[in-house]
Amino acid sequence: MLRDATLATLFDILNTNLIPYEYTKSDNVLTMVDTQSRVLCRSIDEFERLRGTNLAWFALDELTYSPEAAWLVLEGRLRDPKASRLCGFAVWTPKGYDWVYRKFISDPRPGYQTTLARPFENRHLLEQIPDFYELLKSSYDDSFFQQEVLGKYLNVQAGVVYYAFNRQEHVKHIQARPNSPLLWALDFNVDPMCSVVAQVIDGTVFVLDEIILRRASTLQACEEFTRRFPYHPRGIAVYGDASGNNLHTTGTSDYHIVREYFATAHSGPLHYKVPKAIQAS
2 MLRDATLATL FDILNTNLIP YEYTKSDNVL TMVDTQSRVL CRSIDEFERL RGTNLAWFAL
62 DELTYSPEAA WLVLEGRLRD PKASRLCGFA VWTPKGYDWV YRKFISDPRP GYQTTLARPF
122 ENRHLLEQIP DFYELLKSSY DDSFFQQEVL GKYLNVQAGV VYYAFNRQEH VKHIQARPNS
182 PLLWALDFNV DPMCSVVAQV IDGTVFVLDE IILRRASTLQ ACEEFTRRFP YHPRGIAVYG
242 DASGNNLHTT GTSDYHIVRE YFATAHSGPL HYKVPKAIQA S
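Taking the numbering used here, the leading residue of the sequence shown gets 2, the next gets one more, and so forth.
Treat the hints with care, since some could be wrong.
Lysine-lysine pairs mimicking BS3-like chemistry, simulated, CA-CA at most 30 Å apart [said to hold, decoys possible]:
no., residue 1, residue 2
1, Lys153, Lys138
2, Lys83, Lys104
3, Lys138, Lys96
4, Lys173, Lys96
5, Lys26, Lys104
6, Lys173, Lys138
7, Lys104, Lys173
8, Lys173, Lys274
I should point out that these hints are in silico values taken from the structure, not numbers from a laboratory.
Hey, can you work out the whole structure from these sequences and the hints?
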């Protein structure tokens, strides 16, 4: 990031404005020719190595991806006696209510100032790519767009797992459609034995029911399914993971039990969408 973003932009600015400088690549030091000021270009992966420096100023990019201890170490090195003004600054994109939010936004210390930049104020970018933000909005989900593009602080690590879920909008009384197959997804546990019944209509998944049985067998799950959905003309597709193919001490498997049950209890089409083996990742 230091090489590909920060230094690339800095060199471009210096060259464009004909500001003379010397750069020593071996130790990542930039020297301004006119003033002989030295700029140390460092990664903070090992920020403890910065303790021996006396700084007039420092700057950090992407502060939210940096440990707070790195900021504190650098802040303690602002002690160059030749400096006319000691200053540390940073730029970042919000990443939840982290230490950066607490230090600079919610409870700033005396002497700290924060400027919140609005994305649409970047007229230089919009002059080149007028629909830049609209393209990102169509690609990102709403939460990611608000954080990464609009710079809003969101509690992205807490709360409901599915942040886009709205009970008033997404929970409705619906019936199974007779012209689409039922999809039955099983999780073979003893307590609880869980499964979900759904349909896919025009590319949208509709969850019709969930079956949760305490201390139940696979056979009992099949019986409960047929009690709730006794017959469906377009048939059933059974989903599950490959572990259901494992043999039990009884010499049979969960899917064998399901197949045997539906062989006599169901007269419509029946399909199994089950992998033969567990895939390693």
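ask   = Which of the numbered hints above does this structure break?
value = 4, 5 and 7
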